[in-house]
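**Q** Sequence:
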Amino acid sequence: MINPIFTCSPAVDDQTLSSTWLPTDEELRRIKEFQEIERKGDAFQQYLRFGSGEEPSIVLDNFLFLGNRVHSSNLNLLERLQIKHIINAGEIDISEKLPHDRFDIIYITMDDDIRTNIKQYFDRTNELLHNYYMKNEHCLVHCAAGISRSATIVLAYLMKHHHNTLKDAFDYLLEKRPQIYPNDGFMLQLLRYENELIKSREIVSTEETSKVNNPIETIQEFEKKQENQNQ
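full-length UniProt numbering puts the first residue of the sequence shown at 1, with every later residue one more than the last.
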């Protein structure tokens with residue numbers, strides 16, 4: 001099933017960051033820190049090594065997968081991984097390659113461009129992904145290469161529902177999929193989304209306060225619960 005409500009091609013005004021989105025010196029500093037992390041992992045070499053892998057990366061067992069356009073149109077692979085939902089964060093139409101009655105396909109048509117406003121989708125994609133998680137239904141999030149757009153969508157979800165900071169979410173996802181490399185515009189929007197979550201007290205910014213004030217399940221708690229359920 002294709003979801004027509006969330007199938008959209010944002011207008012130019014929606015995709016282009018206004019002059020008020022120019023990064024501050026502190027935001028530029030933090031973006032450079034993430035760039036250093038990516039360089040240490042040699043993202044391009046990681047892409048050459050892992051980018052065309054036969055299977056998507058498992059982000060959270062029994063729930064969330066991150067991959068590319070090839071994975072999204074491989075019917076046998078999707079069936080074997082028991083994928084029920086697909087969030088397509090690229091520009092590729094996969095509807096003709098998959099039976100409509102077996103997959104819930106969500107399209108978010110956008111360019112991998114620093115001017116693209118990806119943050120406008122975070123609330124909706126977080127809601128969708130957490131609903132799938134609560135139902136224990138498998139979901140594949142993908143774009144063209146599974147490096148920038150789809151990785152950004154997954155990072156926003158991990159940050160809100162499983163981690164307290166963007167750094168924690170980024171380190172975790174980098175371990176699961178070494179080739180992730182959100183463009184600088186997407187990283188800026190993730191940083192600002194992190195600040196919004198902190199201000200709304202949905203996440204906390206320090207390890208000390210997170211143990212007391214944050215009711216959101218951590219990745220360790222999630223994995224431990226899954227282990228107990230499988231015993």
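Because the hints were derived from the structure by calculation, they are not lab data.
Quick caveat, the model's predicted, so the values are computed rather than measured.
No residue lacks a Cβ here, since even glycine has one placed at the ideal position from N, Cα and C.
Treat the hints with care, as some may be off.
[Said to hold, decoys possible] Ranges of calculated distance between the beta carbons of each label pair, as one might list FRET restraints:
(1) 200 to 167: 12 to 22 Å
(2) 91 to 127: 29 to 39 Å
(3) 35 to 91: 42 to 52 Å
(4) 171 to 101: 13 to 23 Å
[Unchecked claim] Below are the EDC-like pairs computed for lysine to aspartate or glutamate, each with C-alpha atoms no more than 20 Å apart in a straight line:
(5) 32 to 171
(6) 199 to 26
(7) 176 to 36
**Q** For every hint, state whether the structure bears it out.
**A** Hint-by-hint comparison with the structure:
{"no.": "1", "hint": "200 to 167: 12 to 22 Å", "verdict": "19 Å, holds"}
{"no.": "2", "hint": "91 to 127: 29 to 39 Å", "verdict": "23 Å, violated"}
{"no.": "3", "hint": "35 to 91: 42 to 52 Å", "verdict": "25 Å, violated"}
{"no.": "4", "hint": "171 to 101: 13 to 23 Å", "verdict": "39 Å, violated"}
{"no.": "5", "hint": "32 to 171", "verdict": "15 Å, holds"}
{"no.": "6", "hint": "199 to 26", "verdict": "17 Å, holds"}
{"no.": "7", "hint": "176 to 36", "verdict": "18 Å, holds"}
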